[in-house]
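Asker: Based on the provided sequences and hints, a complete structural model is requested.
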Amino acid sequence: MNNALHRDPFVVRTPSTTWRAILLCVLASMGSATWAGQPLKLCYVDDRSGVAADTGIQSFNGFQIAVSEVNDAGGINGQKVEVVAYDGKTDPELTATFASRCAEDDGALAIIGGNPAAPAAAMIPIASEYEIPYLMLSAGTDNLTDMPAPFHFRVGPRNSQDAAAIAELVAKQGFKRVALINNSLPFGTDSAHAAEAALKASGITVVIQQTYDINATDLSPQIGRLRSANPDVVIVFPYAADGARVLRTLQQQGMSVPRVVARSALLSTLRDLAGDASDGVLIPNTVDMQRADVKQFFDSYGARFGEAQPTMYPVLGYDAAKMVLKALAEPDVQKALAQDELADARVAIRDALVRNGNYQGLQGRAGATYQFSAERHHGPPDQNWFVFVAVTDKGKHLVAADLSTFKPGS
Amino acid sequence: MKNANTVRSMLGGPALILLIGALVPLLLTSGFHLRLVSIICIYTILCTGFNLLYGYAGQISMGQQGFFALGAYGFTLLMATAGWSFSAALPAALVICAVVALLIGIPLLRLRSHYLAMATLCFGLVFAGVASRWIEFTGGTAGMMVPSLKFAGHIVSRTELYYALLLLMVLVLLLQNFIVSTHMGRALMSLRGDETAAQSLGVNVTAWKLRIFVLSAVLAGLAGIASALVSRQVNPSFSEFPILVSILTIAVVGGLGTRYGALLGACVVVIAPQGLTAFGESETVIYGVCLLLFLMFMPHGLSGLFPTLFRRLRRKAVAPAIGAAQAGEAKP
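Here the protein sequences line up with chains A and B, keeping their order.
Okay, so the first sequence: first residue is 1 according to the working numbering, each after it adds one.
Okay, so the second sequence: first residue is 1 according to the working numbering, each after it adds one.
Hints in this document: simulated from the structure, not taken from any laboratory.
Wrong hints could be hidden among the right ones.
Facing chain A, according to a computed beta carbon distance under 10 Å, are these residues of chain B, among others [what the hints assert, rightly or not]: (1) Phe32; (2) Leu34; (3) Arg133; (4) Met144; (5) Ser148; (6) Leu149; (7) Lys150; (8) Ser231; (9) Val270; (10) Gly280; (11) Glu283.
Virtual Cβ for every residue (Gly too), placed ideally from N, Cα, C.
Answerer: Printed below as a string of structure tokens:
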């Protein structure tokens, strides 16, 4: 899926530097990059072989499409964009080390990446220390953008935004008796608490809330209690494998009420494991396939990397890259680059990201824009951002949800 | 003569490491490389504690990452939240590690082998759970930022921090060498051999197990504090499996029950992933295969390799001399 890394001429690593690192000798020759006539370097650091590899690979593919578009059009003021990519393997320490390598040795202008929360969080201090713009992707932990980190931006939605969107949908569709079930990890518990609060604010009763251990193989007790509470909709906040177990157990116990599963169901792993038990499930997504530009993007994606379901992950990589590439073309950035001032260029990119904060990307519904500002480094707005997709064909495909059939008793 | 040899073996290695370590920043111009060598120092401190506990005393703990995180969180909370000074927060965090190790060590160290491993693993898991979910106190998954160190208005630079870590690492290695060179080391090794036999020889098994468990926990906490200062952040991943995997990998690669296995293993574990990026998607497979080869052909790790090579070279050097001498004797 990711063979393009070796195929594309612009994806270059620096093995000589690498081996110098291995030997820990002859390290003094790494001076600051001279930018005039040199490629503009962007770093991509994410998990591409660990537990969150699906998200990292898809985002990286989207990122490469954006860079290819610019390079195919002649680059930025004649300068090609070069991608330096590292696989952090869900290891926060390794990810942070790669981020510092991007900032120091590679002389990158910005770092993009960060789907799983812990490695994504580990790169924030690096971005602050080296003053290099860091665009974090789908890591959804709410308070990741609460800390003062002027070079850190979040492109994906927060967990609480997913939860609020689900609560809004449930209220709008007329459901009155909601059951919540979540795993015991922070993603599950945080999202369930946020959904419960949002549902209560809408006057909807949460008839039961169950928490299970992510490694629990038998979820019959929790599902049995859910069934006894007689809800008219079930909302699930799982990770991939445990989410499949929840859906299969719901099916085995004959619970055919409408189900909504958090963004983890966008990952094919969950749907593949759940099979037909996942059919009909609704998932909050930030990709609206009704938009022509989004459809065109996924066509390009399919042509280059093979078919992909319309999820937020490729789009996050693409949007993040587009925002940085737009910033690179700004006069302030170009001026700093012309003067070989890497630090000034990074500051100018940060400022340009803020200045272009209302960027319209491929995430969100038609007309929705990011909302970055000097005070707000979390991009997705609370309104007009989420689109619900439904699972079909034994978990294989995601299609636009038909909300007319998503009603109590359906 | 014997005492002189003991002192030389205790001090020689650490002195050489200090000398080489002091020169390293002069060869580096990149903060990234300085970060790598700082992490090597941190892992060496962490794994020296594990080496004393498991390599010498034979007590396996799978909860060292819990103490690593406990030290880091304790230090950060005392400094950033409670407003303590560095000089107060550092020893206080280490005392917290020691007390917690003592409290859980008293019941746990009655267990042996995999039972002890499982029980200590639970400590690591419990700590990771608490760190993730007690959001108001620990910052949850996002963790907490660690402020830069300041002394009299001067912000400690990365290079200064590295020198401090180097010094700490050398002191920890000296402590390890001192322990294994004295009756303490023999007592620990007797535990590894046979606890009943050790007790019959007058070794207070319970006391020694507890002492070494507390010491390894304090060293893990010290490494955690150092890691928090280098990363400028502490989060629940400090107590999660990647740290434990690193500890075990260092033990395999460097060699357990050896004086410098922790340092050699840390060098490989920290530097190899950086070098392997040149292999793209194959890097994980290559790393795994290399570890497998280490296990198959170098069961004593790199530390075991050097003495073997040395002995072979010496044998080769000595063999012709003996041959020549024998030939000389054979002449009429």
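Asker: Could you run down the list of hints and mark each one as holding or not?
Answerer: For each hint, the structure was consulted:
no. : hint   : verdict
1   : Phe32  : holds (4 Å)
2   : Leu34  : holds (9 Å)
3   : Arg133 : holds (6 Å)
4   : Met144 : holds (8 Å)
5   : Ser148 : holds (9 Å)
6   : Leu149 : violated (13 Å)
7   : Lys150 : violated (15 Å)
8   : Ser231 : holds (6 Å)
9   : Val270 : holds (8 Å)
10  : Gly280 : holds (6 Å)
11  : Glu283 : holds (7 Å)
The structure does not agree with the numbered hints 6, 7 stated previously, though it agrees with the rest.
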